[in-house]
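J.: So the chains spell out like this:
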Amino acid sequence: DAMVIQNPRYQVTQFGKPVTLSCSQTLNHNVMYWYQQKSSQAPKLLFHYYDKDFNNEADTPDNFQSRRPNTSFCFLDIRSPGLGDAAMYLCATSRDGPRGRTNTEAFFGQGTRLTVV
Amino acid sequence: RKEVEQDPGPFNVPEGATVAFNCTYSNSASQSFFWYRQDCRKEPKLLMSVYSSGNEDGRFTAQLNRASQYISLLIRDSKLSDSATYLCVVNKPGGYNKLIFGAGTRLAVHP
Numbered sequence: 001d002a003m004v005i006q007n008p009r010y011q012v013t014q015f016g017k018p019v020t021l022s023c024s025q026t027l028n029h030n031v032m033y034w035y036q037q038k039s040s041q042a043p044k045l046l047f048h049y050y051d052k053d054f055n056n057e058a059d060t061p062d063n064f065q066s067r068r069p070n071t072s073f074c075f076l077d078i079r080s081p082g083l084g085d086a087a088m089y090l091c092a093t094s095r096d097g098p099r100g101r102t103n104t105e106a107f108f109g110q111g112t113r114l115t116v117v
Numbered sequence: 118r119k120e121v122e123q124d125p126g127p128f129n130v131p132e133g134a135t136v137a138f139n140c141t142y143s144n145s146a147s148q149s150f151f152w153y154r155q156d157c158r159k160e161p162k163l164l165m166s167v168y169s170s171g172n173e174d175g176r177f178t179a180q181l182n183r184a185s186q187y188i189s190l191l192i193r194d195s196k197l198s199d200s201a202t203y204l205c206v207v208n209k210p211g212g213y214n215k216l217i218f219g220a221g222t223r224l225a226v227h228p
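Heads up: the sequence lines are chains U and H, in that order. Be aware that the first sequence starts at 1, since it is given in the working numbering, and climbs by one per residue. Be aware that the second sequence starts at 118, since it is given in the working numbering, and climbs by one per residue.
For the record, the hints were derived by calculation from the structure and aren't laboratory data. The reader is advised that the hints may include incorrect statements.
Listing some non-contacts, in silico: residues in chain U with all C-beta distances to chain H over 10 angstroms [claimed, not checked]:
| hint | residue |
| --- | --- |
| 1 | Leu27 |
| 2 | Asn70 |
| 3 | Arg79 |
| 4 | Ser80 |
Using 27 angstroms as the maximum straight-line C-alpha spacing, the simulated DSS-like pairs for lysine-lysine come out as follows [to be verified]:
| hint | chain 1 | residue 1 | chain 2 | residue 2 |
| --- | --- | --- | --- | --- |
| 5 | H | Lys159 | U | Lys38 |
| 6 | U | Lys52 | H | Lys209 |
| 7 | H | Lys162 | H | Lys119 |
Predicted model only: the values in this text are computed from it and were never measured. A virtual CB, placed ideally from N, CA and C, is assigned to each residue, including glycine.
Next up, chain H with everything else stripped away, as it sits in the complex (with noise of 0.2 angstroms):
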């Protein structure tokens, strides 16, 4: 089973609609959870923090599920600019804490 694991996709959405992507990590002990967005071939870009009470940026809301390990990201009334892949990122805790990345899901939203 894959540290982090994540459906690739590609969403392909209408702007102004609802889309939603999972990520479910192997790990019980990670504390730390992000979503990154990643334009293509550029770099990774925060895009929020995931905390246990769940949070929201905007359009954006995160949510955390620790008893079924998995978090999620909701984007609403989508824009052609959030076209881009998505990375979940979870901490490995142990000796040296160490950034796992998922595969990435792609996000393709259409006029």
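In isolation and in its complexed conformation, chain U is listed as follows (with noise of 0.2 angstroms):
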């Protein structure tokens, strides 16, 4: 059964037209990742939350805004879709792990592959 859950699988999107992106996990893992990846590169992480603590990368675009309303479900929202955001996004979840300074792997939802026409 999965485990970390992406919807939709395939997202088309006009241009400047807000969409949003959406990951529910059974896992109850207390953090929770969106990565960016565009072909043949790394998935860049745009925000992770630990817990209901928001943590967004320095170059992540204004564009892009995440929410998570509870443990298992978490949201990302690009307000006004370029070109240049095609890309598969990907959602997953991690527990922290003892004394603050590791972590377990990274579980992955399959992804949900944006295109902007």
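Dock the two chains into a complex; use the hints.
T.: Pasting the structure below:
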């Protein structure tokens, strides 16, 4: 059974039209991540939640926002998608380890492939 | 300097070959290390965690060298199904931990 579920798998949106991607988890992990991955590139961390605490990467555009209403769900909002935002968006979860210095491995959803037209 | 660096490859090897990938990381305080496998247009999946003493899982062996800040992955007796991109992942400790990915090394195993 899928433990990290992303919806939809494929999303087509118009240039400038807001879009929301969703992620849910059944692992009860305290950390949730959103990554953006473009073709042949590494997954790039956009932001992550440690419990309810939101942590934005310095180079994540303001166009990207996130919400985590509870432990299980996390949303990625793209306020005005541009052509350059077309990518695979990956949600992942992990459990922060003891001493605050380690992580367990990250579990990924299947991703949402976003196309901007 | 990138936080996690890998040789992008591709590594083209025949079936049965042994191939090794290295990955270097910049943060000496990192404590968690992983190798992930990613197939084309799919999500990354955990291949193995990397432990201080080194660890083996079947044909795969992972090593950690803290002094030189690199981890390695050795694949013995390569199979066609091993063709994929192998991603090195390292945690970045701080106020909040986060996992940082390398760009990946592409492996192509041919008959």
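J.: Would you mind marking each hint as holding or not holding in the structure?
T.: Evaluated hints:
Interface exclusion of U:Leu27 from chain H stands, the closest Cβ pair being 13 angstroms apart, more than 10 angstroms. Listed as outside the interface, U:Asn70 is consistent with that label: its C-beta sits roughly 19 angstroms from the nearest C-beta of chain H, beyond the 10 angstroms cut-off. Distance to chain H confirms U:Arg79 as a non-interface residue, since its nearest Cβ pair spans about 23 angstroms, more than 10 angstroms. U:Ser80, annotated as away from the interface, keeps every beta carbon of chain H farther than 10 angstroms; the closest lies near 26 angstroms.
With a C-alpha separation of about 12 angstroms, the suggested pair H:Lys159 and U:Lys38 falls inside the 27 angstroms cut-off, and the hint holds. Restraint check for U:Lys52 and H:Lys209: the C-alpha separation of about 19 angstroms stays at or below 27 angstroms, so the hint holds. Using a Cα cut-off of 27 angstroms, the hinted pair H:Lys162 and H:Lys119 holds, with the two alpha carbons roughly 22 angstroms apart.
Of the numbered hints listed earlier, not one is contradicted by the structure.
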